[in-house]
Each structure stands twice: as C-alpha cells, then as structure tokens.
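**Student:** Okay, here's what each chain looks like letter by letter:
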Amino acid sequence: MTGGGSRYDAIVVGGGHNGLVCAAYLALDGLRTVVLERRREVGGMAATHELLPGVRVPALAHTLGRLRPSIVRDLHLREHGLALVQPEVRAWAPQPDGRSLTLWGDAERTAAHLADSGLVSAADARAYADNDGRLRALGSAIAVLMSRPPPDITHAGLGDALDGLRAGLAARARARSEPGGLLRVTPMSVADLLAEWFASDALRAVVAARALQYTSWEPRNPGTAALLLTDTAGNDGGMAGQTVYARGGPGALGQALESAARALGAEVRTGAEVVAVRRSGEAVCGVALASGEEVDAPVVVSGLDPRQTLLRLLEPEVLGPRLGWRAGNIRQRGATGKVNLALGALPAFRGLDGNGTDPRLRGRIVIAPTTTYVEQAARAGKYDRLADAPVLEATIPSLVDPGLVDTRRRRRKAAHVVSVIVQPAPYELRDAGWDAQRQTLGHGVLRTLDAYAPGIAELVEEMQVITPLDIESEWGATEGHALHAEAGLDQWFAWRPLHGYGRYRLPLEGLYLCGSGAHPGGGVTGGPGQLAAREVLADWARRRDRSHA
Amino acid sequence: MAQRYDAVIVGGGHNGLTCAAYLARAGWSVLLLERRHVLGGATVTEEVFPGFKFSVASYVVSLLRPQIIRELELPRHGLEVLPVNGTLTPLGDDYLWRTDDHGRTVRELRRWSKRDAEAYEEYALLMAEMARFVQPLLDDGPPRLAGLDPRGLLDLAGLARRFAALPEPQQTAFIQLLTMSSADFVSQWFETEPLRATIAASGIIGTFLGVRSPGSAYVLLHHYMGEVDGEYRAWGLPRGGTGAVSGAIAAAAREAGAELRVESPVARITTRDGRATGVVLESGQEIEAGAVLSSADVRTTLLGLLEPGTLLAEDEVAVRRYKFRGSSGKVNFALGGLPEFSCLPAGTTEHYRGMVSISPSVEYLERAYDDAVEGRFSAEPYIDIGFPSAIDPSVAPPGKHVMACFVQYAPYELADGTWDDHREAFGDTVQRTIARHAPNLDSLVLHRQVLTPLDIERTFGLSEGNIFQGELLLEQLFSNRPLPGSGYRTPVADLWICGSSAHPGGAISGAPGRNAALELLGSRRAVGRAERVA
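Chains as they are written, first to last, in our numbering: chain X, 1 to 549; chain B, 550 to 1083.
FYI, nobody ran anything at the bench for these hints, they're computed from the structure.
Each hint should be verified, as a subset may be incorrect.
Covered stretches of chain B (in silico footprint by chain X; criterion: 3 or more residues with CB under 8 Å from a CB of chain X, positions within the stretch not fixed) [as the list claims (entries may be wrong)]:
# : stretch
1 : 703-713
2 : 755-762
Below, in silico cross-link-like pairs of lysine to aspartate or glutamate (EDC-like), each with a Cα-Cα straight-line distance of 16 Å or less [what the hints assert, rightly or not]:
#  : chain 1 : residue 1 : chain 2 : residue 2
3  : X       : Lys382    : B       : Glu596
4  : X       : Lys382    : B       : Asp920
5  : B       : Lys663    : B       : Glu742
6  : X       : Lys413    : X       : Glu462
7  : X       : Lys382    : X       : Asp431
8  : B       : Lys872    : X       : Asp192
9  : B       : Lys602    : B       : Asp941
10 : B       : Lys872    : B       : Glu1006
11 : X       : Lys413    : X       : Glu458
12 : B       : Lys872    : B       : Glu962
13 : B       : Lys949    : B       : Glu596
14 : B       : Lys872    : X       : Glu196
15 : B       : Lys949    : B       : Asp991
16 : X       : Lys382    : B       : Glu912
17 : B       : Lys949    : B       : Glu1006
Glycine residues also receive a C-beta, built at the ideal position from the N, C-alpha and C atoms.
Could you build all of it, start to finish, from the sequences and the hints given here?
**Tutor:** Take a look at the structure:
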C-alpha cells in the first residue's frame, strides 16, 4: 500500500540527527517522506552556533565519535559534505599539580606514555593494552545488542526467542574471555570495574568520567559500567574513547543528513512545529502543526523525547491511565550544561608549551583528576546544586578546524573557540533558579579551567552558557536531558524508553519513536533513527503485502 | 588414624546446621565444626548482660524457607515465631505508622496523601506477586547463565517462559527491581517522603548502596521474599531470640544423627590432587571426609582455609573480586524501661510490638550513605529498632527491656582511625539519634553493646563485617554468586559452599544450606548411577 490519498507515506517529527537518519532511510526505500522541524535549522543537538560574527562553535555535542559508520556509508554522507577529522590524541587529563595523562588512539603508545607519566604505576602501564583489549571485547559484545532492534520480550514468540538467543549467544561468545561475561560486568559500577583493571586513580577517573557524561550518576552507582561499555560499543575507541570532529562543526552532520535525505527524495520543512499526532481509530493519520495546518500520512515517526511524544502529542485517552503514569515516570532529569568560549588566544595549559603545536590539546581535555572529584561533583548535582569543582570535557575544535574562526570577518580578536561540557548542571536548582545561577555555572567553568590554564579568563572574548532549561526550550528535550531519557539499566535495551515499547512502535498503529529515547540510546550515533527506520519499513512491507493479498 | 565422615561442615551458622540436617537425614555421617562456644553463627541469642538475652546480630525472621520449617519439623524442635506488627516512623512531633491492620494503615496513609493510600494496596499486591515470581529461584540452585554451560540455555528459556507469562505490570516491575534504585522504584507509587524512605530503606540493608543507587531495588525485593508464604506472612521474632531458630535446626540435625561440635576451630581444609579430603583443627586433630562443606564466607573458605597455591591464579582473582564491604552495625541496649516516643500520645504501647524506623526522608538516608562513601559512620544514621522483650518477655528480667538497633551506615573501611577508636562514638551517635525522638532513652540505658563491622568480623568471622557474606549486588547474584558459574561448588573438587556467600544470599533463610545439601546429594546419586551403569 501507499499513503493513499495523502501526499506522504511518512512524517518524521523533528529534524534532529536521528530524525534525519530515519527519514533518509525511509526515502531510500521509496517512502514519500517529510521531516517537520520546529526550529529554523535541522540537526538538533548536533549544531554549530555562531558565537561572534565569523566565529563558530559546537552548540552542544562537540564530537561525533560514535556516529555509526554504516550510516555514513549507506547515506553517502561524505559525498554530501561530511568531513570527519580524527586527531591521534583521544583524551588529555591534566592534574592540579601540572602533570597529566594522555590517552592516544594507539593503545601501545598510550601504555608507553603512561609508564613515564609519573602518575600511573608500572603495573597499570603494562596492563593498559590488555585491559584496553578487554574493554573492546566487552564493547563488541554490547555492540551485538546495540546494532539491532531489541527482541520482543513481552510475549516472546519463537522467532523473537531465537533472535534474542542468537544475539545473546553472539554477545556471550564475544565476552567469553571475561569471567561471568556481560551478566557480571554490565550491572557493575564503573568505579568497581576500573578498580579491577587499574590501581591508578587518575587513570580510573578519566575513563569513568566518559561513562557518566550527560547522566546524573555517581561513579559508584551500579550499572554505570554498562554505560562505559555502551560508549565503547560500535566505535574503535577502546579505553581512550573516540574523538572525532566534523569539519565546520557538528552542524555539518545535520547539513549532510539533510542534503542526503533531500537527494533521496525526502522533504525537509523547518519552522514547522508539530503540536499533535492525529489518528483515525487506532491508527495514526497525520499530524497537526502549530499553524493549524494538518499534514496527512499513515506513518508518523517521532524524533522527540518519549515523554513529550506520548504525553504532549497524543490524547490522554490513547494512552490510558497506566501508560500515562508510566510515561510520566520516565527518568530524564537533565544533568549537563554547556559553556562555549571565544578566546583571544590559545590558553596556556600548565605542563604544555601552549603554542598550539602540542597535539594533546586536539583531543578531549578532561577535568576529572580523581574518582572522588567526579563523585563529589555528581553529589552536588544529586542535591540539585552546582559543584564548586565541576567535571569538564573541553575541546578546542579551532585547533583541528581553523575554518571555525573566520579571520576575515572576525570582529574583536577571537582566535580560538573552546567548547566545554560541564557536570553537574541539574535541571532544577535548589537554592536559586537558573536565571540567577547561569553566570555562576559559566564562571565556575572558567575558575576550574584557570587552575589548569592560568589566565584563561582574561582571554575570553565571548561566553555562551547553555543550561538544561535552554536545552529544554531551545531543543525541546523534556527537562533538558541531552539523551532524551536518562541512560541506565532501568531504561535500556528492550525496555528503553519503556518495557513493551522498546521496539520503536508506540501505542497507535503507524506511530514510531526514532530519537535518543529509543534503543540504543543517546549520543550522536544515528542508531535509534537507523533501527527505527528498519522497523517502520518491515511493517510497511507487511502492510503492503496484506493490501495486495 | 584420623576419624572419617561422609561430610564435614565448617561453621555452625544456621546454614551450616541446615546443611548438616539434610545430609544426616539422607543417611550420611556428618560432623559439623563450630569455632565459637555456641552454635548459630550470626543467628544466635546470648546473655550478654545478666538476665538480658540479646539476639546479638540478626534480629528478625521472615525469609526462613517454609519447606525447611516443614521438612525439618522445626516447630516440633521448639521453634515458635511471634509476629512483629507494624512499622512506626517518628518525625519530630508527627509520625507515619503502618500496621498489619490494613484498614487502619490506609486511614493513616490518607492522612498524608489520598493518592498514596490508594496506591498502597496495589503496591503491596505487586510486591507479593514479585516475591512469588522469584521463589523458584530461591529453592533451586542458581540459573546457570554464566560461562558456556549448555544447560544455561534451558534455565534461560525457563526464565524467559515464566517471565513472558507475567502480565505487563509485573514484567515491568521485575525489570525495574533488577535495575532501579529502591527510592526511584518506590517513588513511582508514593509521594509521601517518610513512606518512600521507610519502604526504600529495605533496599540498603547489608549492602554498601544508597537508596538512590541502582541495584538497591533488588535488595528491597530480597526483603519481600519471605512475606508471601503461608507460614509467615509478616516479620517475626522467634521466642527466645533468633538463637531459637538455630537451636531448632541443630536439634533436627542431632536427631538425624549429625555430630555437632563447638569450640572446634578449623585451621585448614586439606586437599590432595585438587580434591578436598578433610580438615585439620587448630587442636591439630585431622578429620577425613568425602566432602567438605563450608558455611564460612567464600573468601575465608578459599583464601583463609586452603593452603596457599591450591587455587589457580584466575580463581584467586575471582575470589578477591567478590565484594563484602560491610556497611552496617548493630547496637543492643539493656533498658530499665521502654523509651517513650514524643510523637505518640503518652501511654501508647502498640508500637513496641512492631519496628520503629528512623527514616524520615529519602535525602536523610542518602546523606547517611554519603558519609559512608567518605569513610565515616553516618552522623544521622538509618536505624531499624525493635523491642524483642515487649513481644517475648523471656529475653529480659521482669520490668526490664531489650532494644535492638540495626544501624546503617557503618563502613568497614574508615577514612581515619580504626573501629576500636570509634566504637563508643558510634554507639553514642545511635543513642543520640534515637533520643531525639525518645527523650527519656538516656535515663533508661543500663547496658549497651555496640557491634561495629570490625566486631561482626571478629565475633562471627564474617569478612569485612558483611552480614550477608557478600553484598547483594546484581554482579554477584544468581549464576555469579559467589563466583561466576560456581553455584555451591568451588574450584576445588569435593569442597562446597553452603553459606550466605552462595545463592540466594544472606538473611535467615536456610536456602543456601538446604540447596547445597540437595545438590551434593544429587551429584553423588548421579555418580552412583554412572558407576552402576559402568
């Protein structure tokens, strides 16, 4: 069958990267698809802001290391202008005393460096390559589960059972070398897992911080090991993690996806805010826009977060009391803020020559010197407060992509941009609202950085502070959670976002979820969009066969 | 010539005794060896002060497996369990009070929140269903999900089938109970802080987790498991203290022919060619056995009692990875009278027949956890208080009383000093915290016994003072408890684990002891069959 009378077969609500990926795959299979985006530009949280005229900075996400290679291939994103840059360095973790750890893409090189870092025991340095291999093995085991739609575990038929079994066995086989396998490792706390591997707390802390990014968890919280594995799954980062920049900023991904989707025949409309999903009986028939315009299609795929999709776009009677209650209980309290800086000159980090030739500044600069530091920062957030010493992940994308700072058009003397992800930044603050504390967050970041790069504050030409409230109002993510729903084993795999709705299908025929709130979860991976499209197309084929029969 | 038995059991805790009883009933010659002068391990009643009989460590029963009570005829051997009714959460001049009188509890909850009063029934039924769902996991060995044991697939399929048969609300709850924090789980139903906190508090007992730490919801479920079987619908106190439980099991074991020796510390488990062959006592006496079963925890058993080098390096690593991290203490008071809680009208006595829980809010409990993470005992701890003498007068002199306080957090590892330096300060903190709600407490205190994790380790031989012989963390439960894929066996042939270190874990359940005995008997029958065939 096709969309019958309507112009479209499928509507994708929200032009974030997952929405665009989904739309492109639908168009690739011949569905007449339209993307409806509320904002002026597409790409969602993979966006580039102009901080000053001619000075551009990653708005939120600043690296694209987990973008699924199959998506880049299938949609020919390189032909559509996506250029990915991967520095040799992955992460650089300076310590208050001026020493630092560097995690290179090459594990052997990292191990060699660790041995003479003075921060890490000889045993840890020797064990690094082995443990990197272990993490990769566990990551590849998780990847088996992350690279396919989850099995139906609600009333598993034989097919699902076999499918789940195949995946389970494949995953188990890859994790065979690990005693207890995924069953032992995934429920662990990332602190306990890393403590099994390394004695050096500085090394544990920089890896743990990566697992906890965008979440409210503390390093000792069980289940956070699964987040490290998930972050490692589907990329070749291993212990060091991935660091990949898009030339021109993360927004380039949105542009490439839009161009790819259009080339495949999809329409992309911006400034089109969907306020309701329309239905006839138990099936969707289209959406209504804020303008009052109605757009018809037998398939509606939402890239919005699950709570909004269920509670804002659907009428309560569609959900019923129980599903409404469950949707209201989805945990998605935003925990992360963003501070973007335009600097007059490259900051001089202690322990580096600071002239910009040092390759270590091209990776993720991680301020998480000890596990206790990470723990205490998260603890402040736990009680809805900002931390005196927040956990930071900073990048200086203008080092790898000088084009971000237009030397001809720039006013003032901005030479570099620094992009800083800061935690905690709780959605709700206890003492005073965000209006009062927005600048507190920004200055806290500068104060923290100043201990590692003295004088950085004086270099600031422009500072942009993005709070969870901004993420909610600007990007529409409920409670400002960058991952749409908190990452954690209780909202994971076949039960992300909710048990019974982990296979992208929502409680109306033809309604699907394709955003970060769906399996395999958040981060710039395109995974949810790609897998959702797979399920949409499977149903589409079934319905077509039925209507032809 | 050394004595020889079919089985030697190391440790006379309630699980060791249970194991001994089942093996003896199967006709085996069984010798049980207890280090202390009393049997029962942590399930023990001791007259610490003249006339005052303390259930020194564990203080309530409800998880004791009903088939053990039946099969070992424990009532005939003197077990009588008196009901503990209700939980009072004092809150300055107000309180939250739940009792077994459902109507009354609902009225009380309505005082706080109509919504919570309505949700309460639904929640109680759901948890009963959940407990029923996990029962089979308690009474068999753990599912063989670890490693590549092909039988694991059958276990997995069985689990999946039973799971798929559940209605969605129960499927959802089961997933959440395995993965959520107890506070998040409970908060889905209730908005009243003291109700959230008092229920969620069961999720931290014996485990170094906060109420907001994922994994605590499973510990919460663990404490509901006992509350469904016909025998005991609620928590109870054995007449004469918890020691009466081990007393009854010991009597059953003796009647079945088991030999139970106290003051017989085991120095070493002997092995030959990787098989356990018996034990050597500290007295030097050697005892041979066809099988050695240890109810000591897995670290004490495999690292403390085996000759160094007996284990392969990777097995030793696995044992060292198993987490204990004792996080709780116990303070037992001998009182001249019952303390009066200022939140209740003078003359109220009913609450003494139940528990009193110091758990005003989720944040109160979480901050208590933060202290422990920093290596300090909680400045304002969670305390679960019982008054055994109000239910069973036999444990205190006439007119006098016993008050038992389970306290969290008391981390085994302290940031500075040792527990020997902090013991009394800890006791004072507990007494002060309770006195804030019962001002006349100080004037009633005759004696005080403070058990820190270090004391629990020294007295009962529980590593790091963990009352469950290992934290109830998902990573070391089911097929990974105590070691990946081990079940009740160990890397050493004929050496078995029959204590709380093994599936399904701690509390007075007897399940590990019974399951280990049945699995050993089953394996020997299988061998017998094989030999007859050959």
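**Student:** None of the hints should be skipped; say for each whether it holds.
**Tutor:** Hints and how they fare:
1. 703-713: Satisfied; 5 residues make the cut.
2. 755-762: Since 3 is at least three, the answer is holds.
3. X/Lys382 to B/Glu596: The given pair, whose Cα atoms are some 44 Å apart, is violated under the 16 Å limit.
4. X/Lys382 to B/Asp920: holds (14 Å)
5. B/Lys663 to B/Glu742: holds (14 Å)
6. X/Lys413 to X/Glu462: Holds - the C-alpha atoms of glutamate 462 of chain X and lysine 413 of chain X are around 11 Å apart, at most 16 Å.
7. X/Lys382 to X/Asp431: holds (13 Å)
8. B/Lys872 to X/Asp192: Holds, at roughly 10 Å.
9. B/Lys602 to B/Asp941: Distance of about 11 Å is within 16 Å: holds.
10. B/Lys872 to B/Glu1006: Roughly 14 Å separates the two Cα atoms, so the pair holds.
11. X/Lys413 to X/Glu458: holds (13 Å)
12. B/Lys872 to B/Glu962: holds (13 Å)
13. B/Lys949 to B/Glu596: holds (14 Å)
14. B/Lys872 to X/Glu196: Cα-Cα ~12 Å, so holds.
15. B/Lys949 to B/Asp991: holds (15 Å)
16. X/Lys382 to B/Glu912: This hinted pair holds, its Cα atoms lying about 10 Å apart.
17. B/Lys949 to B/Glu1006: Violated. Lysine 949 of chain B to glutamate 1006 of chain B sits at ~30 Å, over the 16 Å cutoff.
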